[in-house]
Amino acid sequence: MLNEHIEDNEFLYRRIILNPNFWDFEKNRPSSAIFKDSNGASVDRQDNRSDSDVIETYKNYEIRGITKVLTSVCRELETYPIYKPLDDNIYHCEIHDSKEKIQLSSSKAKKLRDNSIVIFTKDV
Amino acid sequence: MKPNISYTALFCAHFLLPLDIGTKFDYTSEVNPNIDGFSPKYMDTNLTVTSSYISKLNSNYISELRQNKKKIESFKQLPKNWNMAGALQYDKNFIDNVELLLVNTAIQPKIFPTGRNSIQFEYEKDNGDYLEFEIFNNSKISYLSIVNDKETSGKIDFDSELMNNLLIQFYA
Numbered sequence: 023m024l025n026e027h028i029e030d031n032e033f034l035y036r037r038i039i040l041n042p043n044f045w046d047f048e049k050n051r052p053s054s055a056i057f058k059d060s061n062g063a064s065v066d067r068q069d070n071r072s073d074s075d076v077i078e079t080y081k082n083y084e085i086r087g088i089t090k091v092l093t094s095v096c097r098e099l100e101t102y103p104i105y106k107p108l109d110d111n112i113y114h115c116e117i118h119d120s121k122e123k124i125q126l127s128s129s130k131a132k133k134l135r136d137n138s139i140v141i142f143t144k145d146v
Numbered sequence: 051m052k053p054n055i056s057y058t059a060l061f062c063a064h065f066l067l068p069l070d071i072g073t074k075f076d077y078t079s080e081v082n083p084n085i086d087g088f089s090p091k092y093m094d095t096n097l098t099v100t101s102s103y104i105s106k107l108n109s110n111y112i113s114e115l116r117q118n119k120k121k122i123e124s125f126k127q128l129p130k131n132w133n134m135a136g137a138l139q140y141d142k143n144f145i146d147n148v149e150l151l152l153v154n155t156a157i158q159p160k161i162f163p164t165g166r167n168s169i170q171f172e173y174e175k176d177n178g179d180y181l182e183f184e185i186f187n188n189s190k191i192s193y194l195s196i197v198n199d200k201e202t203s204g205k206i207d208f209d210s211e212l213m214n215n216l217l218i219q220f221y222a
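Listed in order, the protein sequences are those of chains A and B. My numbering puts the first sequence at residues 23 to 146. My numbering puts the second sequence at residues 51 to 222.
Just chain A, with the same shape it has in the complex:
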């Protein structure tokens, strides 16, 4: 288990799965739909890892790419990142719409996408 509090300067990483397609080829970026899960948006916190460490973690997944967003930006956008470790993933977090509401509004999902950085794409 990591520290319950996610630091502002930690990045939160989101896998962009390959199938079905979430990639907007015209704009060369993922759709905001990637941040729309039933439990907010599932992400992995950075902790003390580098981007390369995170990319290595995901190498066995069938992904189109990986995007990251800074926790401080999530908070500025009035979303609610929360640490939710899993048995097989100590880095697992969720980004909720707010403290009271889990699923992200379309507006917040789009803002998260607009403020996230794609750090890796796979040629498929």
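Hints listed in this document are in silico derivations from the structure and should not be mistaken for laboratory results. As the structure is a computational prediction, the values presented were derived from the model and not from experiment. Heads up, the beta-carbon is just placed ideally off N, CA and C, and yes, glycines get one too. Any given hint might turn out to be false.
Claimed, not checked - Selected chain B positions facing chain A (Cβ under 7 Å, derived; list incomplete): (1) Thr164; (2) Gly165; (3) Glu182.
As the list claims (entries may be wrong) - Chain A residues, not near chain B, derived (Cβ > 10 Å throughout): (4) Glu26; (5) Tyr105; (6) Pro107; (7) Lys123; (8) Ile141; (9) Asp145.
As the list claims (entries may be wrong) - The calculated DSS-like cross-link candidates involving lysine-lysine, where the alpha carbons are at most 30 Å apart (straight line), are: (10) B:Lys200 with B:Lys120; (11) A:Lys121 with A:Lys144; (12) B:Lys142 with A:Lys90; (13) A:Lys49 with B:Lys205; (14) A:Lys123 with B:Lys126; (15) A:Lys81 with B:Lys126; (16) B:Lys121 with A:Lys90; (17) A:Lys123 with B:Lys160.
With the hints as your guide, set chain B onto chain A.
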């Protein structure tokens, strides 16, 4: 619940938007989700085109519709937990209803699934203005419109005519 079929939408999609100002047409349409068999007829009306931008968007309507239909059909095959974050399988009737919305949409969207059992239709102009419909399996559609950085959002019924009203306003 099946969406309301909009003859107006079909008319707009195929004939209104690419045409010159003041052109007069006869048009009546038969709704036919099988696009290969679609053959519209005509009725009296005055038409105006809003912009050449819209006609450019519609020039590939049929091919985009075919691709989108194929994409939506593929969502039926997604298994439980397809997103590795607990996503449910899509209900096949819901997908069929979304497909009916799609064939009645005036302009073909970009389409994406979500992990919360909805399907997202997206439109974006070159200047960054954005329109999105998130279609849920409960007869409601949420929309988000961003025009000149101003956001508007709300919910409409599962109705292609209501969707097309927002779409036409967005591109006007």
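Output the numbers, in ascending order, of every earlier hint that fails for this structure. When the structure is compared with the hints, numbers 10, 11, 12 turn out to be violated.
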